[in-house]
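**Q** The chain contents come next:
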Amino acid sequence: MSATRSPADLSSARSNIHTTQSRSSVDTEDRRERSRDWQWPRFPSSNPEKKRSLYEVLGLPSEATEEEIRNSYRKLALKFHPDRVAPEKRDEYTHLFCEIGAAYEILADCRARSAYDASQKLVGFRTVLRPTSSMPTNPHENRNAHVPQTTTRRYGRRWETEKCW
Amino acid sequence: MAEPSAYTVASDGENNPGEEAQSASALAQAAVGIDLGSSFCSVAVWRDSGVEVIANPRGMTRMQSYVLFKGDIPSSGVSASIMDAELNSGSAIYLAKCLLGRVDTDPVVELYKSSPFLIQTLGIGARPFIGALVDGVWRSTTPEEVLAIVLVQLRAMAEAQLGYAVRTAVLTMPSSFSRFQQTRLERACAMAGLNVLRLMPEPTAVALLYAQEQQQSFNDNMGSGIEKNVLIFNAGAAFCDVAIAATAGGVSQIRALAGDSVGGYAMVQNLVNYVLKEYEPTLDEQILSRISVQLRPVAEGIMHALSTSANAVLECEIDGRKMSKNITRDEFEHVNADILKRYESLVLQCLQKAQMNVDNLDDVILVGGCSNIPAVRSLVLKACGGKQAYKGIDPLLAAVKGAAMEGAIASGITDPSGKLDLLTIQAMPHSLGFRISGDEFLPVLQKNGAIPARRDVLVTTSHDNQSEALIVVYEGESKKASENHLLGFFKVTGIPHAKKGIPLINICMDVDASDVLRVVVGVCMPDIEKPVVPLMEVRMPTIDDGHGWCAEAIQSKYGSLLDLNFLPPPKHSGTSA
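Chains as they are written, first to last, in my numbering: chain A, 310 to 474; chain B, 68 to 644.
Be careful, since some hints might not be right.
[As the list claims (entries may be wrong)] A partial selection of chain B residues facing chain A, derived with a Cβ cut-off under 10 Å:
| # | residue |
| --- | --- |
| 1 | Q419 |
| 2 | Q422 |
| 3 | N424 |
| 4 | D482 |
| 5 | P483 |
| 6 | S484 |
| 7 | G485 |
| 8 | P519 |
| 9 | R521 |
| 10 | D577 |
| 11 | D579 |
| 12 | S581 |
[Unchecked claim] Non-contacting residues of chain A with respect to chain B, defined by C-beta distances greater than 10 Å in every case (computed):
| # | residue |
| --- | --- |
| 13 | P370 |
| 14 | S371 |
| 15 | A373 |
| 16 | T374 |
| 17 | L387 |
| 18 | E397 |
| 19 | T403 |
| 20 | E414 |
| 21 | A424 |
| 22 | D426 |
| 23 | A427 |
[Unchecked claim] Capping the alpha-carbon separation at 25 Å, the derived lysine-lysine pairs in DSS-like fashion look like this:
| # | chain 1 | residue 1 | chain 2 | residue 2 |
| --- | --- | --- | --- | --- |
| 24 | A | K388 | B | K344 |
| 25 | B | K486 | A | K384 |
| 26 | A | K398 | B | K486 |
| 27 | B | K567 | A | K388 |
Don't read these hints as lab results, they were simulated from the structure.
None of the values given here were measured: they were computed from a predicted structure.
Glycine included, each C-beta is placed from N, C-alpha and C at the ideal position.
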């Protein structure tokens, strides 16, 4: 569940999580959750569209400036760092924060970022390049509008099926 | 025996992480912050919207972290001050923190062998034998026990002042501490009946304090946070740490962390050796070491004097030998040139790792006893582009104040005025990874990455029909696994028979917000969706004393039989194109 949801997404619909994602702290349940979160199995055969772009994770357009990336990271950290939430939600938030941290690590490093951008272009995953009906024509109208509000899965697949490149 | 209950220390073998810590009354109180230094210790707590450093009955906030073994009850510098004569009699153990979790082949242990108490090494990779002279008998002890005695007395002192039971604490530690050393520090706390909420590297505690000050001043002035980058240099008696933090709006993000185990003790020792070399070049070694023990306190006084004046006169009489020597600041700096160079390289290394230009630094904070040495100050400030040192932070109590603040935050205390609306995003002090292809180190989680973190890598078998694989986990920066710190090892079994390179072994490393490391391993085959054997989840470190042998023993028993090879991540084969 949490693996398919964008943290930026969550911040807008936080009240939702608390009810839908409240899970028992039974050990086995915990473990199942964890192994699922592992994105297991991670192999060539597993569908790559499951991965959200790093920009989506931070809720930013791909032309975001370094400062915007830093600010967004900090804002998300304040919301999702496990130190800032109740003890019973720690595990869940740890996963989300790890995802945010991993995205930030790449995007904050200009060399890694350009390498990532290049690799994304190759497989046709670059975001915010082509307006679709679900997106505002002007990305500056609403900075976060391109972040899918329902599921990322559908969003990712659309790019694939459109075969726009 | 009518021992006061506060002075009992659980036996070394036991591990009781404060079972009372969970009780409601303990949770309602803020955890105390403890700065357990190599030579001084202090304790502070968040109370009434501020940090309060707790003083002992003699009004001291910084107490010697020495333990004197005399009679039945050992006493520490917390409750009574120890005379120099007693300190050098061999009955007092100090520098326990420097010896904690080190094996007898460690060069750092060698450095402290000139101390008056017994440090016996066999050079085989076991823990050194440490003894205190009690009534003419070398009585064995351990660094954990010594630290536990100090902690018990710190705890008793805090309880007396606060009026409630102290069960949880946040401790600071040097950033160069390995994970194994951290477990030893936790063990010492458990022996003292303290539950450790968090161990934080000393400079990050200072960063938290700085972040709060910045936030307060912004709240007063402008309103919202402007990003400020700060370099924190901390040098104490036996350790030196550097950190670079970016702070804004109460969030401090540790960008880079570096540490070394060298400090004031080594500087004084260099000075002693320098003086002795000139004075007694012909003496035999045993007499020389006895003189050097007695010369130490004098040399320490000289080091302090040289912080304020350009020269100082060393005068003393040892074993009927009169010594008198004028020592200049230049001489002192000259004999310690190596240490100063190491300090400088730490600063430069940190700046480079943080990818930061000195122009982007807003402040430089110097803390710790050795930051008073003019040469140290000037070299750090020069490396930072000639900035002025940040004022307004007490260099000796900054770490403990930061720890107390973290203790309050981690205990869930909130402050109505928003003074605790803070967050520190900690960074990994070392890279974490495992051994592949012989002696190669494959880092999974990189040094300076944010904590919590999780990453996985895929590896594969190195022999045909290999059914078992050995996972040997290390921490460190060297490309050779054997040059890093061993954390533990375990075997994955039940790998289906296949040609080498076919089975997929996924190794995931996970560090949670409390800095607990877990390694999870799963085995898959290319055409099967699910893992073929149950996953293995191992909490690290698993090694214990004598781990110096383990790596060698594994090597000699298994060789490359159970090796793993790296499997490059699959190229996204353009499924969309």
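**Q** Does each hint hold? Answer for all of them.
**A** Evaluation of the provided hints:
Evaluation of the B:Q419 hint against chain A yields a violated restraint, the C-beta minimum of about 13 Å exceeding 10 Å. For B:Q422, the interface hint holds, since its Cβ comes within 10 Å of a Cβ in chain A; the closest pair sits about 7 Å apart. The interface hint given for B:N424 is broken, as the beta carbon of that residue sits about 14 Å from the closest beta carbon of chain A, more than 10 Å. Hint status for B:D482: violated, given a least beta-carbon distance of 14 Å to chain A, over 10 Å.
With a least beta-carbon distance of about 18 Å to chain A, the hint placing B:P483 at the interface is violated under the 10 Å criterion. Residue-level restraint check for B:S484 is violated (minimum Cβ-Cβ distance to chain A is 18 Å; threshold 10 Å). With its C-beta approaching chain A no nearer than about 13 Å, B:G485 sits outside the 10 Å limit, and its interface hint is violated. Using the Cβ-Cβ criterion of 10 Å, the hint placing B:P519 at the interface with chain A is satisfied: the shortest such distance is roughly 5 Å.
Interface restraint check for B:R521: the shortest CB-CB distance to chain A comes to about 5 Å, inside 10 Å, so the restraint holds. Nearest Cβ of chain A to the Cβ of B:D577: about 8 Å, under the 10 Å cut. The hint holds. Hint on B:D579 holds. Least Cβ distance to chain A is approximately 6 Å, under the 10 Å limit. A distance limit of 10 Å between C-beta atoms decides the matter here; for B:S581 the minimum to chain A is near 9 Å, and the interface restraint holds.
No beta-carbon of chain B comes within 10 Å of the beta-carbon of A:P370; the shortest separation is about 21 Å. Every C-beta of chain B lies more than 10 Å from that of A:S371, the closest at about 17 Å, which supports listing it as non-interface. Every C-beta of chain B lies more than 10 Å from that of A:A373, the closest at about 16 Å, which supports listing it as non-interface. At roughly 13 Å from the closest C-beta of chain B, the C-beta of A:T374 stays outside 10 Å, upholding its exclusion from the interface.
The non-interface label for A:L387 is inconsistent with chain B: the shortest C-beta to C-beta separation is roughly 6 Å, within 10 Å. Once the 10 Å rule is applied to beta carbons, A:E397 is consistent with being away from chain B; the minimum gap is 12 Å. The beta carbon of A:T403 is not kept farther than 10 Å from every beta carbon of chain B, the shortest such distance being approximately 5 Å. Distance check for A:E414 against chain B: the nearest CB is about 6 Å away, which does not clear 10 Å, and the non-interface claim fails.
The claim that A:A424 lies off the interface holds: its Cβ sits roughly 13 Å from the closest Cβ of chain B, which is beyond the 10 Å cut-off. With a least CB separation of 14 Å from chain B, A:D426 remains clear of the 10 Å interface cut-off, as annotated. Separation of A:A427 from chain B is adequate, the least Cβ-Cβ distance of about 12 Å exceeding the 10 Å criterion. Restraint check: the Cα-Cα separation between A:K388 and B:K344 comes to about 60 Å, which exceeds 25 Å; the hinted pair is violated.
For the proposed pair B:K486 and A:K384, the alpha carbon gap of about 18 Å is at most 25 Å, so the pair holds. For the hint linking A:K398 to B:K486, the alpha-carbon distance of about 24 Å falls within 25 Å, and the restraint holds. Distance restraint check for B:K567 and A:K388: the Cα-Cα separation of roughly 45 Å exceeds the 25 Å cut-off, and the hinted pair is therefore not satisfied.
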